[in-house]
Structure formats: C-alpha cells, structure tokens
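Engineer: The hints should help you fit chain Y onto chain W, whose structure is shown.
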Amino acid sequence: TQLLEQSPQFLSIQEGENLTVYCNSSSVFSSLQWYRQEPGEGPVLLVTVVTGGEVKKLKRLTFQFGDARKDSSLHITAAQPGDTGLYLCAGHTNAGKSTFGDGTTLTVKP
Amino acid sequence: DAGITQSPRHKVTETGTPVTLRCHQTENHRYMYWYRQDPGHGLRLIHYSYGVKDTDKGEVSDGYSVSRSKTEDFLLTLESATSSQTSVYFCAIRSGQGKGYTFGSGTRLTVV
Numbered sequence: 024t025q026l027l028e029q030s031p032q033f034l035s036i037q038e039g040e041n042l043t044v045y046c047n048s049s050s051v052f053s054s055l056q057w058y059r060q061e062p063g064e065g066p067v068l069l070v071t072v073v074t075g076g077e078v079k080k081l082k083r084l085t086f087q088f089g090d091a092r093k094d095s096s097l098h099i100t101a102a103q104p105g106d107t108g109l110y111l112c113a114g115h116t117n118a119g120k121s122t123f124g125d126g127t128t129l130t131v132k133p
Numbered sequence: 002d003a004g005i006t007q008s009p010r011h012k013v014t015e016t017g018t019p020v021t022l023r024c025h026q027t028e029n030h031r032y033m034y035w036y037r038q039d040p041g042h043g044l045r046l047i048h049y050s051y052g053v054k055d056t057d058k059g060e061v062s063d064g065y066s067v068s069r070s071k072t073e074d075f076l077l078t079l080e081s082a083t084s085s086q087t088s089v090y091f092c093a094i095r096s097g098q099g100k101g102y103t104f105g106s107g108t109r110l111t112v113v
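Chains W and Y, in that order, give the protein sequences.
117 is the number that the working numbering gives to position 94 of the first sequence; each next residue is one higher, with no gaps.
30 is the number that the working numbering gives to position 29 of the second sequence; each next residue is one higher, with no gaps.
Hints listed in this document are in silico derivations from the structure and should not be mistaken for laboratory results.
Backbone N, C-alpha and C define an ideal beta-carbon position, used for all residues, glycine too.
Accuracy of the hints is not assured; some may be wrong.
Reference listing, derived: stretches of chain W covered by chain Y, where coverage requires no fewer than 3 residues with Cβ under 8 Å from a Cβ of chain Y [stated by the list, open to error]:
hint	region
1	60-74
2	122-133
Okay, the calculated beta carbon distance ranges per label pair [stated by the list, open to error]:
hint	chain 1	residue 1	chain 2	residue 2	range
3	W	V67	Y	D39	17 to 27 Å
4	W	P104	Y	G41	18 to 28 Å
5	W	S49	Y	K100	23 to 33 Å
6	W	T128	Y	R10	14 to 24 Å
7	Y	T16	W	P133	40 to 50 Å
8	Y	E80	W	A101	43 to 53 Å
9	Y	D55	W	Q37	45 to 55 Å
10	W	T100	Y	T16	42 to 52 Å
11	Y	E15	W	T128	23 to 33 Å
12	Y	E15	W	V73	41 to 51 Å
13	W	T116	Y	G64	21 to 31 Å
14	W	Q37	Y	T21	40 to 50 Å
15	Y	T72	W	G39	20 to 30 Å
16	W	S50	Y	H42	15 to 25 Å
Pulled out of the complex, with its shape left as it was, chain W reads as follows:
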C-alpha cells in the first residue's frame, strides 16, 4: 500500500504570507494531483503533474513534482482568505491505484 504523507497537517497564517505544503512518499507515482476542498463540498482538482521535476503555476500557486516522482510541493505566494481550505494530494500508479494524503488544513486570516 502506497502511503502519502502531507505536512503540515494544520497551517494558520496571516493574509499576505507565503506558505509551502509538502506531500511525500516512498513510492514512485506516474502522476500526482492536488485538490482543494471547502467545507461541505467535495475536493476540486487544481493540477496534475506527470513529469519528474515538473513545475506548474496556477496564479499564486506553484506546484512541483519531485525529480524521482515520489514527492510534491505546493507553494502559495501572498496568501488570501479565499485560499482557506483543505489541500489534498493524490498519487497515481501505472497499475491504476490511487492514494490520497490526509490533507493540510489551511486558514488564512484577514
């Protein structure tokens, strides 16, 4: 069973600060996705990374896939209250198996 460890589990910051969330595993994944979930709703896909070392940007969010495709990070620049939510990473193998991390709960205070 592949395990995905996310850190930190909880993060509370002030508006305008930068932050990084990590997703680590000992397993190699063919692709990895990041989702954001708001209270009372299902997770929403933010990005998919498939190539080792790949970096993708989505406005103030920067996603990176590790060179060995075992880990990933999400960096948010100048966080805003609208970024508040639960951030989940999910790794996928070539065998069709998916594993979700337990998530990072981010609170951005105005």
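Structural biologist: Then chain Y, alone, in the frame of chain W:
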C-alpha cells in the same frame, strides 16, 4: 450545473437498517468511485466501477456493496448500518486512469 450529483446530502439512520446512497453523472465517464472521508484518515476507497456491472472492492469495502446497472448511476448500499459507518461519503468520476477526479458534493451519513 454539476456533472455529478449525490443524494441524499444528509441522512440520519438507525443502527441495523439498510441505507442506499445514489450517485448520478451526466459526463458518460467509464470510471466511478465511492470514497469515505473521516478525520485523520483522509479519503479511503470503498468500491469502484470500471463499467456497467463491472465493480471491484477498495481498501475499506467490508459492510458495503455497490451496483451499477447504467453508466450514469452508481449506488452504494450499507447492508446493515453501524456507528462506525458514520462518515461523509463522496462519489467521484473520471474519464480514465491517471486523470483527475471530479467529486460530488458528498453525503453526510450519521448512524445512531
């Protein structure tokens, strides 16, 4: 307009009663999934389907069964609900392996 809807959104049921949750999609996707989300456990796969009448177990399938008689509908049944099945249940779809999931809004189930 969501391509995936779950019903009901909330349900309270008594221990020992059967419960069926419904997932409906309008995307014609082949793959459908049922997950449960609990604090400290993240999203755990219960069952999934890769086509009509083709289903398989996930990591936490005990006490649950599923059926998919049409492409658009995937039903999750708790044969005899227990308090440990109190959770938020999410249905998800995707067009292929490795593709992103689209999740429903969830069903909050409380077993008393």
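Engineer: Please go over all the hints and tell whether each is borne out by the structure.
Structural biologist: Structure-based check of all given hints:
{"no.": "1", "hint": "60-74", "result": "holds (count 8)"}
{"no.": "2", "hint": "122-133", "result": "holds (count 4)"}
{"no.": "3", "hint": "W:V67 x Y:D39: 17 to 27 Å", "result": "holds (20 Å)"}
{"no.": "4", "hint": "W:P104 x Y:G41: 18 to 28 Å", "result": "holds (26 Å)"}
{"no.": "5", "hint": "W:S49 x Y:K100: 23 to 33 Å", "result": "holds (24 Å)"}
{"no.": "6", "hint": "W:T128 x Y:R10: 14 to 24 Å", "result": "holds (22 Å)"}
{"no.": "7", "hint": "Y:T16 x W:P133: 40 to 50 Å", "result": "holds (43 Å)"}
{"no.": "8", "hint": "Y:E80 x W:A101: 43 to 53 Å", "result": "holds (50 Å)"}
{"no.": "9", "hint": "Y:D55 x W:Q37: 45 to 55 Å", "result": "holds (50 Å)"}
{"no.": "10", "hint": "W:T100 x Y:T16: 42 to 52 Å", "result": "holds (49 Å)"}
{"no.": "11", "hint": "Y:E15 x W:T128: 23 to 33 Å", "result": "holds (32 Å)"}
{"no.": "12", "hint": "Y:E15 x W:V73: 41 to 51 Å", "result": "holds (46 Å)"}
{"no.": "13", "hint": "W:T116 x Y:G64: 21 to 31 Å", "result": "holds (27 Å)"}
{"no.": "14", "hint": "W:Q37 x Y:T21: 40 to 50 Å", "result": "holds (46 Å)"}
{"no.": "15", "hint": "Y:T72 x W:G39: 20 to 30 Å", "result": "violated (47 Å)"}
{"no.": "16", "hint": "W:S50 x Y:H42: 15 to 25 Å", "result": "holds (19 Å)"}
In summary, the structure is inconsistent with hint 15 from the numbered list given earlier, while agreeing with all the others.
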